[in-house]
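Q: Residues in the sequence shown are numbered from 3 upward in steps of one, following our numbering.
Keep in mind that the hints are not guaranteed to be accurate.
To be verified - Lysine-lysine pairs mimicking DSS-like chemistry, simulated, CA-CA at most 27 Å apart:
#1 499 with 458
#2 273 with 52
#3 393 with 499
#4 458 with 501
#5 524 with 499
#6 393 with 501
#7 669 with 694
#8 167 with 393
#9 501 with 524
#10 774 with 669
#11 52 with 68
To be verified - DEER-style ranges, computed between Cβ atoms:
#12 713 with 666: 32 to 38 Å
#13 185 with 53: 20 to 26 Å
#14 53 with 205: 25 to 31 Å
#15 464 with 68: 28 to 34 Å
#16 466 with 502: 25 to 31 Å
#17 605 with 86: 25 to 31 Å
If you are wondering where the hints come from, they were derived from the structure by calculation, not from laboratory data. Glycine included, each C-beta is placed from N, C-alpha and C at the ideal position.
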Amino acid sequence: MTSLSLDPVVSGRAGLRKTLRQLRLGFAGMTLLIVLVVAALAWRSWREEKDHELLYLSSLVEITGKSLDGYFATHARALRHLGAEILASRAPLSREATRHLLIQTRRGHPDLLHVVLFLPDGRAVMADDADPGPRRMDAGARESFRLALDNFQRGQDFDIGRVLKVHPDGDWVIPLRLGVRNPEGQLVFVLSAALPVSRQQVFWQGVPLPPQSALGLIRDDGFLISRFPEPNAMDYEEAYGKPRNGQLREYLVSHQFPLRGVTEGYNSVSKADYLFAFHRLSTSPLTVFVSTPLGNVRNNWFKQSEFSVVLLVCLLVGGYGVYRRSSRQLLVWDSERAAHESQVEFLAQHDPLTELPNRLLASDRFRQAVALAERNQARVALLFLDLDYFKGINDSLGHDIGDLLLQEVAHRLNQRLGASDTLSRQGGDEFLVMLADVHNPDVMGQVAQALLDALKQPFHIDGHELVISASIGIAVYPDDGHDFGTLLRKADTAMYKSKDSGRNTHLFYTEQMNVDADERLKVRGWLAQALAQDRFVLHYQPQVRLGSGAVMGFEALIRLQQPLVGLLPPGRFIATAEDTGLIVPMGLWVLHQACAQAQRWRSDGWDDLVVAVNISAVQLRRGHLEQDVRAALLASGLPPTHLELELTESLLIEDPEHALTTLNGLKAMGVRLSIDDFGTGYSSLAYLKRFKVDRLKIDQSFVRDLRDNPDDAVIVQAIIQMAHSLGLVTIAEGVEDENTSQQLRDLGCDEAQGYFWGRPMDVKQVDEYLLKASSA
Numbered sequence: 003m004t005s006l007s008l009d010p011v012v013s014g015r016a017g018l019r020k021t022l023r024q025l026r027l028g029f030a031g032m033t034l035l036i037v038l039v040v041a042a043l044a045w046r047s048w049r050e051e052k053d054h055e056l057l058y059l060s061s062l063v064e065i066t067g068k069s070l071d072g073y074f075a076t077h078a079r080a081l082r083h084l085g086a087e088i089l090a091s092r093a094p095l096s097r098e099a100t101r102h103l104l105i106q107t108r109r110g111h112p113d114l115l116h117v118v119l120f121l122p123d124g125r126a127v128m129a130d131d132a133d134p135g136p137r138r139m140d141a142g143a144r145e146s147f148r149l150a151l152d153n154f155q156r157g158q159d160f161d162i163g164r165v166l167k168v169h170p171d172g173d174w175v176i177p178l179r180l181g182v183r184n185p186e187g188q189l190v191f192v193l194s195a196a197l198p199v200s201r202q203q204v205f206w207q208g209v210p211l212p213p214q215s216a217l218g219l220i221r222d223d224g225f226l227i228s229r230f231p232e233p234n235a236m237d238y239e240e241a242y243g244k245p246r247n248g249q250l251r252e253y254l255v256s257h258q259f260p261l262r263g264v265t266e267g268y269n270s271v272s273k274a275d276y277l278f279a280f281h282r283l284s285t286s287p288l289t290v291f292v293s294t295p296l297g298n299v300r301n302n303w304f305k306q307s308e309f310s311v312v313l314l315v316c317l318l319v320g321g322y323g324v325y326r327r328s329s330r331q332l333l334v335w336d337s338e339r340a341a342h343e344s345q346v347e348f349l350a351q352h353d354p355l356t357e358l359p360n361r362l363l364a365s366d367r368f369r370q371a372v373a374l375a376e377r378n379q380a381r382v383a384l385l386f387l388d389l390d391y392f393k394g395i396n397d398s399l400g401h402d403i404g405d406l407l408l409q410e411v412a413h414r415l416n417q418r419l420g421a422s423d424t425l426s427r428q429g430g431d432e433f434l435v436m437l438a439d440v441h442n443p444d445v446m447g448q449v450a451q452a453l454l455d456a457l458k459q460p461f462h463i464d465g466h467e468l469v470i471s472a473s474i475g476i477a478v479y480p481d482d483g484h485d486f487g488t489l490l491r492k493a494d495t496a497m498y499k500s501k502d503s504g505r506n507t508h509l510f511y512t513e514q515m516n517v518d519a520d521e522r523l524k525v526r527g528w529l530a531q532a533l534a535q536d537r538f539v540l541h542y543q544p545q546v547r548l549g550s551g552a553v554m555g556f557e558a559l560i561r562l563q564q565p566l567v568g569l570l571p572p573g574r575f576i577a578t579a580e581d582t583g584l585i586v587p588m589g590l591w592v593l594h595q596a597c598a599q600a601q602r603w604r605s606d607g608w609d610d611l612v613v614a615v616n617i618s619a620v621q622l623r624r625g626h627l628e629q630d631v632r633a634a635l636l637a638s639g640l641p642p643t644h645l646e647l648e649l650t651e652s653l654l655i656e657d658p659e660h661a662l663t664t665l666n667g668l669k670a671m672g673v674r675l676s677i678d679d680f681g682t683g684y685s686s687l688a689y690l691k692r693f694k695v696d697r698l699k700i701d702q703s704f705v706r707d708l709r710d711n712p713d714d715a716v717i718v719q720a721i722i723q724m725a726h727s728l729g730l731v732t733i734a735e736g737v738e739d740e741n742t743s744q745q746l747r748d749l750g751c752d753e754a755q756g757y758f759w760g761r762p763m764d765v766k767q768v769d770e771y772l773l774k775a776s777s778a
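Let the hints inform the model, and build the full structure from the sequences given.
A: Written as structure tokens, this is what we have:
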């Protein structure tokens with residue numbers, strides 16, 4: 003009976019233990035299952051976090067690499083263009099002409115520093131005049147130059163050297179070297195320039211780098227070109243002066259260049275794992291890299307893991323709260339990642355300084371505008387705008403003020419545009435405006451003028467009052483082209499034409515502009531060759547006294563002897579010579595040749611002859627005219643009274659105080675002065691009284707129609723009377739017949755020149771002319 007009474011108890015306890023055991027096993031199994039699920043989720047989140055970081059680094063380095071590709075390619079093209087111009091001369095250029103080409107290249111690319119022409123043996127031949135310091139290379143520069151020559155011997159023609167200091171206390175620069183070869187493949191000379199490392203730091207400041215990350219540019223031999231964050235002053239030598247330094251050293255030693263893609267590696271210097279992303283530049287032997295500690299990813303993941311522990315506890319107590327919190331955390335993470343990706347995309351399509359669309363985005367919007375224009379039978383206009391004299395602001399006030407000015411200019415221009423229009427920055431001080439869906443062609447000119455008017459009011463930048471203007475060129479789809487590149491080039495051509503037309507204006511593109519541009523380029527090459535190869539010649543046109551008919555002197559007129567083309571008159575090349583500055587060495591050559599020839603005439607017995615030489619405004623502005631004239635007179639032995647300088651009215655009006663000082667110095671020497679083409683410019687008694695000139699030269703436009711146009715006769719008579727009242731001699735040009743000569747005598751004109759007495763002649767023909775005149 004007792005045993006029978008205990009069975010239910012034992013059976014109940016065993017069932018209870020079994021139930022408890024089952025509950026424990028069930029709880030342990032459930033806990034293990036939850037732990038495994040949480041561990042799997044944590045591992046998956048770790049891989050996703052790292053993959054997202056690698057994808058972000060890859061996008062970041064690719065966008066940065068594409069921007070640097072354009073930056074280095076632009077300056078490489080500038081050096082290639084300069085090298086082609088120098089090589090195309092087929093003979094060594096003069097020092098002045100070569101220096102002018104170097105200076106022009108540097109002015110067109112403000113970041114391009116220290117443009118120097120070297121021989122293959124390392125000797126500097128010529129440099130731009132921006133840096134007056136010594137040109138001798140230090141040890142680092144010589145070693146970099148030797149390595150560049152080695153690369154040139156292996157068939158390369160462009161080299162980016164190791165980072166150097168300009169001078170011991172100067173800035174760090176990136177050397178660029180271009181090997182220029184002749185058609186036989188021989189290395190003729192090396193063009194060297196430099197890009198400031200500091201300008202890349204300005205660009206990289208806007209790049210959204212993860213914490214404790216680095217962004218940089220490295221050569222194939224492991225030398226660091228630039229790095230962001232920028233090294234401090236004491237670390238510059240260590241960072242830029244030696245290869246494979248810093249946190250990447252051990253990794254770079256064990257890998258093969260060029261580096262590409264994304265990877266993970268251990269850095270024994272910092273004792274940490276790193277994620278790396280590399281992008282090889284397509285136009286230069288350089289690689290952009292970005293590195294970030296794997297600890298960044300681990301920290302972010304740890305945050306997620308801490309939350310996973312809370313999730314485990316909350317799942318055991320109640321999983322609903324964990325779900326809500328994890329969902330909110332995931333949303334925050336996704337929002338931050340989306341913000342990073344949005345910032346990267348923005349940088350890829352916008353200018354970092356002004357936040358305007360860049361060329362890439364402008365090109366995309368152009369394609370959309372063209373599609374709309376084709377549907378609506380409308381036009382699309384590209385307005386290429388370039389600020390006038392902006393380089394002077396950068397040079398005098400610094401790039402910081404220049405950058406602030408560019409931001410204000412962008413703001414003002416945007417205020418004058420409609421919602422459908424696009425304003426983009428092309429680089430430097432160049433902006434592009436796209437007008438979409440244009441039905442009235444007059445709108446293009448009205449918008450261009452509105453943009454110019456927007457810049458008229460002074461800009462107040464950091465305590466400075468700045469006044470600027472702009473030049474605009476306009477190209478129209480489909481009239482001038484169908485693709486973005488063609489229209490951009492034509493708008494750029496029209497913009498330069500507007501600068502030639504006086505600046506602060508706008509012009510539409512015409513085919514003649516392209517012809518003119520080709521002609522200027524061709525003539526520019528001819529002038530450079532002519533200076534180097536002595537292809538200029540002087541012709542002389544006689545000047546006579548109307549009363550006696552006696553020859554009193556000759557005007558020296560320059561000609562250019564170009565093979566296969568013949569003898570070119572000055573009207574074909576003088577304007578280009580003034581634009582390029584080559585008029586200065588040309589003018590000096592004319593002075594010396596004319597003075598020497600006049601002295602030879604004196605030696606042959608023609609003691610009374612005076613030689614007249616035309617002076618360009620560029621020669622007067624350079625400030626060396628008085629010294630140049632004195633040197634020509636001393637070299638030839640010609641008395642100053644036998645030299646006459648012909649100046650235009652506009653030359654005296656542009657800078658009257660400087661002109662007055664120079665001309666007074668010339669008069670003190672005894673040189674004669676005359677006003678050329680009188681009556682066609684700013685004719686004024688005020689400046690005639692101030693400037694002590696000897697003669698007025700009546701322009702041929704009044705002389706040729708003297709017989710048939712009574713108005714011309716009245717003008718000529720007024721000029722003669724005014725000149726005589728001031729004690730000045732008058733000489734008329736363009737006299738072609740006896741009737742005109744007689745009428746000038748009747749009006750009281752003193753002297754004349756023209757085809758009636760003789761065309762411009764070479765020296766041999768002048769000698770024959772003088773003999774014939776003396777025997778008549």
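Q: Next step is simple, just say for each hint if it's right about the structure.
A: Now for the hints, and whether the structure bears them out:
1. 499 with 458: Holds: residue 499 and residue 458 sit about 21 Å apart, inside 27 Å.
2. 273 with 52: 19 Å, holds
3. 393 with 499: 19 Å, holds
4. 458 with 501: 17 Å, holds
5. 524 with 499: 17 Å, holds
6. 393 with 501: 15 Å, holds
7. 669 with 694: 8 Å, holds
8. 167 with 393: 24 Å, holds
9. 501 with 524: 20 Å, holds
10. 774 with 669: Between residue 774 and residue 669 the Cα gap is close to 34 Å, so the pair fails against 27 Å, i.e. violated.
11. 52 with 68: Distance of about 24 Å is within 27 Å: holds.
12. 713 with 666: 32 to 38 Å: 36 Å, holds
13. 185 with 53: 20 to 26 Å: Violated, since residue 185 and residue 53 (Cβ atoms, about 53 Å apart) do not stay within the stated range.
14. 53 with 205: 25 to 31 Å: 28 Å, holds
15. 464 with 68: 28 to 34 Å: 33 Å, holds
16. 466 with 502: 25 to 31 Å: Because 29 Å falls inside the window, the suggested range holds.
17. 605 with 86: 25 to 31 Å: 46 Å, violated
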